[in-house]
Amino acid sequence: MIAAVTTTRDEADIIEASARCLLDQGVDLILAIDSSTDGTAEILRGLGAEVTLVDDEVHHQPYWMNRLAGE
Numbered sequence: 007m008i009a010a011v012t013t014t015r016d017e018a019d020i021i022e023a024s025a026r027c028l029l030d031q032g033v034d035l036i037l038a039i040d041s042s043t044d045g046t047a048e049i050l051r052g053l054g055a056e057v058t059l060v061d062d063e064v065h066h067q068p069y070w071m072n073r074l075a076g077e
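FYI, in my numbering the residues of the sequence shown are 7 to 77.
Treat the hints as calculated values from the structure; they're not laboratory data. Careful, some of the hints might be misleading.
Pairwise CB distance ranges, derived in the manner of DEER restraints [to be verified]: (1) GLN31 x GLY52: 17 to 27 Å; (2) ILE20 x MET71: 17 to 27 Å; (3) GLY32 x ASP61: 16 to 26 Å; (4) ASP61 x ASP30: 30 to 40 Å; (5) MET7 x ARG73: 12 to 22 Å; (6) ALA18 x GLN67: 11 to 21 Å; (7) ARG15 x ALA75: 26 to 36 Å; (8) ARG51 x MET7: 24 to 34 Å; (9) ASP30 x GLU56: 17 to 27 Å.
For clarity, every value in this text was computed on a predicted model and none was experimentally measured. Note that the Cβ used here is the ideal one computed from N, Cα and C, for glycine as well.
Make the full structure from the sequences, and use the hints.
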C-alpha cells in the first residue's frame with residue numbers, strides 16, 4: 007500500500023487536482039490533517055481520503071506530519 011500524508015488549510019481551489027494526481031500515480035490512501043474553513047476536507051473525503059479535522063490556527067505542519075506518519 008502506498009499512502010500520501012499531508013496537511014491542508016484552505017486549499018479547496020487546488021486540492022482536488024492535487025489529490026487526483028496522487029491517486030492517478032498509484033497512491034492507495036491519502037491521510038490529511040485539515041484546519042480549513044473552505045470545504046477542503048469535504049473535497050478530500052469525496053475522493054476517499056481519511057481526514058482528521060483540527061483547530062490549528064497556527065498550522066503546526068511538522069507536528070502533524072510526524073503524527074500522521076506514525077512517529
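Hint check results:
In this structure the hint that GLN31 and GLY52 lie 17 to 27 Å apart at CB holds, the actual value being about 19 Å. Between ILE20 and MET71 the CB atoms are about 19 Å apart, so this pair conforms to the stated range of 17 to 27 Å. As the Cβ distance of GLY32 to ASP61 is approximately 33 Å, the hint placing it in 16 to 26 Å is violated. Between ASP61 and ASP30 the C-beta distance comes to about 32 Å, which sits within the given range of 30 to 40 Å.
In this structure the hint that MET7 and ARG73 lie 12 to 22 Å apart at CB holds, the actual value being about 19 Å. ALA18 and GLN67 have their C-beta atoms about 18 Å apart, which keeps the hinted 11 to 21 Å range intact. Taking 26 to 36 Å as the suggested C-beta distance range, the pair ARG15 and ALA75 does not conform, at roughly 18 Å. Look at ARG51 against MET7: about 19 Å separates their beta carbons, and that is not inside 24 to 34 Å.
Taking 17 to 27 Å as the suggested C-beta distance range, the pair ASP30 and GLU56 conforms, at roughly 19 Å.
Hint violations for this structure: numbers 3, 7, 8, all remaining hints satisfied.
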